[in-house]
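Each chain, letter by letter, is given below.
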Amino acid sequence: MISDLAFDTPLLLVALIALPILWWLLRAVPPAPIRRRFPGVALLLGLKDDDSQSDKTPWWLLLLRMIAVAAAIIGFAGPVLNPTAERSGEGPLLIVMDASWASAGDWQARLDRVALLLDEAGRAGRPVALMQLGSQDTGPLPLQAANAWAARVPNLAPRPYAPDMDAARAWAESLEGPLEVFWFSDGIERPGRDDLIDAFQNLGGLSVFQGARDVTAVAPPRFEDGVIHVPALRIGTTAPREVTIVAHGLDPAGIPRELAREVLQFGPGEMTAELALSLPPELRNRISRFEISGERSAGAVSLTDDSLQRREVALISGTPEREGQILLTPLHFLREALEPTADVLDGALGDLLMASPDVIIMADVAQLSPEEQAGVIEWVQDGGLLVRFAGPRLAASDVARAQMDPLLPVRLREGGRSVGGAMSWGEPKALRPFAETSPFFGLPIPDDVTVTSQVLAQPDPMLAERTIAALADGTPLVTRAALGQGSVVLFHVTANAEWSSLPLSGLFVQMLERLAVSTRPVNPAAQDLDGVTWVPEQVLDGFGTLRDAGARPGVAGADLAEAPLSADILPGLYAGAERRVARNVIGPETVLAAASWPADVPVEGMTVLAPTDLMAAFLTAALALLLLDAIAALWLSGRLAGLTRRAAGILLALALTPMAEAQGTTDEDLLALLATTEITLAYVETGNARMDDVSRAGLQGLSNTLWQRTSVEPAPPIGVDLETDELAFFPMLYWPISPEQPLPSAEAYARLNTYLRSGGMIVFDTRDADIGGFGTATPAGRRLRQLAGPLDIPPLEPIPSDHVLTRTFYLLQDFPGRHLSRDVWVEASPPDAEQVEGMPFRNLNDGVTPVVIGGNDWAAAWAVDASGRPLFPVGRGFTGERQREIAHRFGVNLVMHVLSGNYKSDQVHVPALLDRLGQ
Amino acid sequence: MSDTALHTPATLRSRSESVAKSLPPLLADAQHLAATILLGEHGRKRAGAGDEFWQYRPAEAGDAYRSIDWRRSARADSHFVRQTEWQAAQSVMIGVDDAASMTFTGHSFRPSKLRRAQTLAMALGILAIRGGERVGLTHLADPPRGGEAQLIRMAAALMDSHEPGDYGAPKPRILPVGSRAVFFSDFLGDPGTIETVLGQAADRDVKGALVQILDPHEELFPFDGRTVFESMSGAIRFETLKAKGLKEAYLERLAMRKARLKDITRRTGWRYLCHHTDQPAEPALLWLYQMLDRTS
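Quick mapping for you: the protein sequence lines, in order, are chains A and B.
For the record, in the first sequence the residue sitting at position 302 is 302 according to full-length UniProt numbering, with numbers rising by one throughout.
For the record, in the second sequence the residue sitting at position 203 is 203 according to full-length UniProt numbering, with numbers rising by one throughout.
I should point out that these hints are in silico values taken from the structure, not numbers from a laboratory.
Check the hints yourself; a few may be wrong.
[To be verified] Listed next, the in silico DSSO-like pairs over lysine-lysine satisfying Cα-Cα at most 30 Å (straight line):
#1 B:K258 / B:K247
#2 B:K262 / B:K171
#3 B:K258 / B:K171
#4 B:K262 / B:K244
#5 B:K258 / A:K48
#6 B:K262 / B:K247
#7 A:K48 / B:K244
#8 B:K258 / B:K244
#9 A:K48 / B:K262
#10 B:K207 / A:K48
#11 B:K207 / B:K244
[To be verified] Derived DEER-like restraints, expressed as beta-carbon distance ranges:
#12 A:R709 / B:I68: 44 to 50 Å
#13 B:Q200 / A:R27: 57 to 63 Å
#14 B:A64 / A:L796: 56 to 62 Å
Positions of the beta carbon are idealized from the N, C-alpha and C atoms, including for glycine.
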């Protein structure tokens, strides 16, 4: 790491010697004292400091300063990480790129590296030629200034094929040295590469640049036993690796989608792996290509043509299948030929039409019912392919005798003919080579295919056109006619071996393939494709992107099958007459091998560490450290108080604000926890700070009294905001009324009503009993009416003398606060409550009164300051203190009433109460 | 320029203006404070010389004939004496220390100790005068007087600084026999003076209270680092290298000072209250009011 560090001006580093001197200097100077006015200094006189440690600057502060100064010195010396080592070399330079699909994965890195090399060459004034192997011109080497090439570098793109090594060697040998050659290799071994290395080495020096990136590729998938096998290859690391293989295709709406995604595991040391993918036929038929996810190269894409598509073929025979004579059934050979490559459907024609197969094959079916006929015609017109085989029944029937049957391509002659049989003259007829217009053109005709019987077509002007295969004597063997979007094909022989040996030959299968009844095996052989010009529909570029082929010329079938990929034959999808064939970068037999280089060829990686200027970083660090030092010095001298502390607090708060927001719920939980772990008296926050203070002080005083005298031991009181806080935790709410208090919102009222209905109690205090009685038009009284209007408050009455509030803890008849008014209202007792003779109290076994309304300013009478002294005077002298005492007792009764409900109104206690009342 | 140099007729106007500037707030503060306490006239609640009717009591042996209320007695078989409530006016002497140390405040949003002391003193004066008593300031030579005008005089006198130096001590110039006295100060100066003054006061049957007013900073000593402490006038300096290390010792000395004050007041029958400027003034005023009530 240190070796990668260099300085622009190393001489400045000499200044580091001064650091120890600076250390000594700084150490000798203690921090300056702070002057502070403080009257308590009189008490300080004569005191001694414990120790004298602050006399000198603490070591860590010194260290901080040292580091800051050192960072500044180093920063000004101009440190550079990974300084560029200039490449030595002169004379013209040739940069050669493989530019195959395998370089696409790290193409940008390659371009960056090329740009870097061009930079260097430009600085050294070397002429440069840049070549992509496979596109080299034969003319003289285009040596140009590096700048001219640098502008072209971004336009370079990898090719979707491998370079032709032989051509490249020939080209390299034609060059004249001396040339220094830089070869950007894709790392794949190819035949003829060693010769190319020799040729380059003969020109001058050769350096190779090779990416460290693994190359993965996917080979064409195979369909076997109902499972798609997707082989994948790799070169590079032998460590276990997972690649994700994605199948793309059109969804039913015709939109390209990802249809399947599976992970493929390369084991340790394995260079090939295979993914087995089981998909439903509907999905499988729609797959258009497999890709390795995240791999941008043409090799990581494998186009599937029709090979994966399994056509649904419905087989219908006119004769019921005969047990034990399988070889004689009309469908046996068809079934054998189709089953490996197509999905065969059986059943009644009506049901099969419903399933909408791709192909319907009728073996020796003569007459269809009118409904069936109409159905089949409609199906063919919609694009179906109807293949019919002749047979005894068809020959014997009247179908298509007098006029054309829509479901037969030709009219038939009665009877048919038989050649080469025991009762006839002549030899069995062989097939005539297929005409160029025939879909079968190019198929080799085996010698042993002979026809002994057939149905004959009526001569017709259309007959020649419709014949796609004929016997040696020219009689049509297979005829075809278009019907709507589909077509009808008639084999003039049976589907079994009775009339001909065609079903026994391989030609039969190939013919079915050409008719797209069945699909071809994976690897098209040259003869499979021969005779047809294949027009590219879509081609792959080097990055594996599928593009429209545009107006690219067609490719001969033989070339498509066997010629190596080149600029003329790009990988892609080629369309023939009936079907499409895919040509992929990776064939089924392709083997990838990593390139190996001779020991005398230097191999470099793609990545280059760009030089990093560390000057700014060091200077910033020095600045930050000095700032830290300033703060630390302030802190040490005790000056970090007041404003700075507040600023720090604000900063901290700003930093913590998102956290605080995130923890918003916990704050509510905290309140709930606080309010529920202990009994807590609560007051309503009116917005008037002074009133709220009095309320809190009052409830604190009441809490103190409760703590001293009863088993109720409340927590410090809490102010609740009606708009936001949950009320359910509080047994009692004290609500002082002021005329200027705002009305709560509708939600707050809803919460308050819920609170009242669930057994809560609100004590309204208008605090104006000294100037007006209850309900009179004092400002606070009027406000109370407005505030309490929307509340669910039952009928009220002044506290009756037998109300349970008068005896829940103390026996009381007055309920004074700071004022002495008798007007305290509670929920009215039920109208049927009557006093029983001899009982002092009515039987009022109802719940807790939801409201207590008065104006005696109870909170002021209860209020105490922090040291427990009363905040406000009550009355005068001893009577005043007595009034305060009664006020406290009323408070105790109130809390007891809330907490114990009507317990004291239970008649069980009557004797004891009577005894205490002296009655 | 000394104070006397400023006391010229030419400057009287400007001095008056500057005093009047702060007088209304002081008076208003004090009035407001007093209003929280004042509910009615400050009666003596016992029979004595006064105008208000107090009670009829059965005549006892030794009552002069002229003291018998014949009209009330005529309605009953026995004789009654009509008593009036004792309204003999009391003298309340108030001393406010306004030495330099009292001008200290630890934070800009807190009033200085002096301002708090002045407010409390004025409020107490208002309460006393409303109660029909006479009030005076201990540092003036004037005898205590009653009436609203006395309040204005008091306020003006309170605003005039009279105590030079860093720390003041109560030096009552007039202390009428049997009167009540309240001293407001931080009592950070020499406690010996206070002991002497209270001893003399006790000799003259003067009861009262010491109200020690402290800033929270003086109570908590929230300082750290290398610090030079100076008294408010700068006369006393004390340098420490690590202020935090002195906190324990300082708090111990403060506690000792408070204990000493309490001890002095206990021995002389006075009362002691420690008041902090960050707390509301009302409780202290209520305490003072009740103290005057009780000791009477």
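Status of the hints after comparison with the structure:
no.	hint	verdict
1	B:K258 / B:K247	holds (16 Å)
2	B:K262 / B:K171	holds (19 Å)
3	B:K258 / B:K171	holds (20 Å)
4	B:K262 / B:K244	holds (28 Å)
5	B:K258 / A:K48	holds (22 Å)
6	B:K262 / B:K247	holds (22 Å)
7	A:K48 / B:K244	holds (12 Å)
8	B:K258 / B:K244	holds (22 Å)
9	A:K48 / B:K262	holds (27 Å)
10	B:K207 / A:K48	violated (40 Å)
11	B:K207 / B:K244	violated (40 Å)
12	A:R709 / B:I68: 44 to 50 Å	holds (49 Å)
13	B:Q200 / A:R27: 57 to 63 Å	holds (59 Å)
14	B:A64 / A:L796: 56 to 62 Å	holds (59 Å)
Violated hints, listed in ascending order, are 10 and 11; each of the other numbered hints is respected by the structure.
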